[in-house]
Amino acid sequence: MKLWTHVRKNGFVLMLVIVFLLIDAFAAWRDPMTNSRRFEKDDFTKTLFHHQWDRSGPVFFGNSAVTGAYMEDKAQIPLVEMGMSYGKITDLREILRRGLYEPEEQLVVGIDVHTMLDKMQTDPRFPWSKPSYSPYMFYYRDYFQDAGGEWIRNFWAGIRKGEIDFRTYEPRWIDKELYFGRETAEQLKKDWERYEANYSWMQLGDMADNLDALDWVIGYAKEHALPLKVVWMPLNPDAAYPQPAYWKQLKERVNGALNINAIPVLDLSDAFKPDEFHDLVHLNRETGAPKFTAEVDRWLRSFGKSAK
Numbered sequence: 191m192k193l194w195t196h197v198r199k200n201g202f203v204l205m206l207v208i209v210f211l212l213i214d215a216f217a218a219w220r221d222p223m224t225n226s227r228r229f230e231k232d233d234f235t236k237t238l239f240h241h242q243w244d245r246s247g248p249v250f251f252g253n254s255a256v257t258g259a260y261m262e263d264k265a266q267i268p269l270v271e272m273g274m275s276y277g278k279i280t281d282l283r284e285i286l287r288r289g290l291y292e293p294e295e296q297l298v299v300g301i302d303v304h305t306m307l308d309k310m311q312t313d314p315r316f317p318w319s320k321p322s323y324s325p326y327m328f329y330y331r332d333y334f335q336d337a338g339g340e341w342i343r344n345f346w347a348g349i350r351k352g353e354i355d356f357r358t359y360e361p362r363w364i365d366k367e368l369y370f371g372r373e374t375a376e377q378l379k380k381d382w383e384r385y386e387a388n389y390s391w392m393q394l395g396d397m398a399d400n401l402d403a404l405d406w407v408i409g410y411a412k413e414h415a416l417p418l419k420v421v422w423m424p425l426n427p428d429a430a431y432p433q434p435a436y437w438k439q440l441k442e443r444v445n446g447a448l449n450i451n452a453i454p455v456l457d458l459s460d461a462f463k464p465d466e467f468h469d470l471v472h473l474n475r476e477t478g479a480p481k482f483t484a485e486v487d488r489w490l491r492s493f494g495k496s497a498k
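Numbering (this note's numbering), first residue to last: 191 to 498.
Rather than coming from a laboratory, the hints here were simulated on the basis of the structure. Keep in mind that a hint or two might mislead.
[To be verified] Listed below are the simulated EDC-like cross-link pairs for lysine to aspartate or glutamate, each with C-alpha atoms no more than 20 Å apart in a straight line:
1) K481 x D428
2) K438 x D402
3) K379 x D469
4) K366 x E442
5) K351 x D332
6) K438 x D428
7) K419 x E442
8) K309 x E292
9) K366 x D428
10) K309 x E386
11) K441 x E413
12) K309 x D428
Only a predicted model underlies this, so the values are computations on that prediction, with no experimental measurement involved.
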């Protein structure tokens, strides 16, 4: 009886909670963060969008360094460019573990100075970032507020014109960021100082989760008979901007795991000149990216020749 009395006294509040949960469940089912252009997209979703929502194929995974360097439309052996801003190996593990994408034929992983950093910030819009216990609309509340504010403004503008307009909206940007030209020396120095303060003090212990994720990806590739290859992404060699202290040690640790598992490696970390970069970690689109794509093509073709 006490329970029923409590329910009756708080019935209105409980009803509101139930209504909210039902609305939230409907929103999660519709998943506008993926399916509506009213909402900003993460780079994984943008990859799917630009490939007609196909969730399988040969993949070149990495962070924004891969986005900037690999020109899928110019490649002779095209891979699905799955570079993602703030992408890490732990993200690749989640993609594969959750079955969000199924690599076929081969999986190429690009690793740069930031790909393995556990504490590197991430994109909260990644589909695997939302905790299972968090309500959909609450977790993405900032994006709902942005889309809802636009909806209200357009609705009000329509009312003032004597119209009822629920459909008009400005589609959110759906392309990934590319890197043209070259930053000034002043900006490069600011970038280096920011990286130095935020990341360069890290050691292998600060990459433990991503190192574990790499071992998991290696195991996944073996289990699925999926050819796995790794590319060390270019790093600006300008002596004015020294490499992070952990870089050499990280490469040795990762290369050791790759060599034990007979995974092919293409090291392009020191293969490009400063004027082929946009900044410290992104090749420019004019000269750096075409050269990089050609180098990867040449390397991938070599496996076909060796098999004959």
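- Can the restraint linking K438 and D402 be considered satisfied, given a maximum Cα separation of 20 Å? Given that 20 Å is the threshold and the Cα spacing comes to 19 Å, the pair holds.
- Message: Next pair to validate is K309 with D428; report whether the Cα-Cα distance is within 20 Å.
- Response: Given that 20 Å is the threshold and the Cα spacing comes to 26 Å, the pair is violated.
- Task: Measure nothing beyond the straight line between the CA atoms of K351 and D332; if it is 20 Å or shorter, mark the hint as holding.
- Result: violated (29 Å)
- Holds or violated: K309 to E292, with C-alpha atoms at most 20 Å apart: Distance of about 27 Å is beyond 20 Å: violated.
- Are the Cα atoms of K419 and E442 separated by 20 Å or less? holds (16 Å)
- Query: Given the proposed pairing of K366 with E442, does the C-alpha separation stay at or below 20 Å?
  - Reply: violated (31 Å)
- Quickly compare the C-alpha distance for K441 and E413 to 20 Å and report which way the hint goes. Given pair K441, E413 is violated - Cα atoms ~25 Å apart, limit 20 Å.
- Holds or violated: K438 with D428, Cα cutoff 20 Å? With a Cα-Cα distance of about 16 Å, the restraint between K438 and D428 holds, given a limit of 20 Å.
- Message: Tell me if the straight-line CA distance from K379 to D469 falls inside 20 Å.
- Response: Since the Cα atoms of K379 and D469 sit roughly 10 Å apart, the hinted pair holds (cutoff 20 Å).
- Item | Distance restraint between K309 and E386, which requires alpha-carbon spacing of 20 Å or less | holds (14 Å)
- Taking only the CA atoms, is the gap from K366 to D428 under or equal to 20 Å? Roughly 26 Å between the alpha carbons, so the hint for K366 and D428 is violated.
- Item | Distance restraint between K481 and D428, which requires alpha-carbon spacing of 20 Å or less | Measuring from Cα to Cα gives roughly 18 Å; hence the hint holds.
Comparing the model with each earlier hint shows violations of hints 4, 5, 8, 9, 11 and 12; every other hint is respected.
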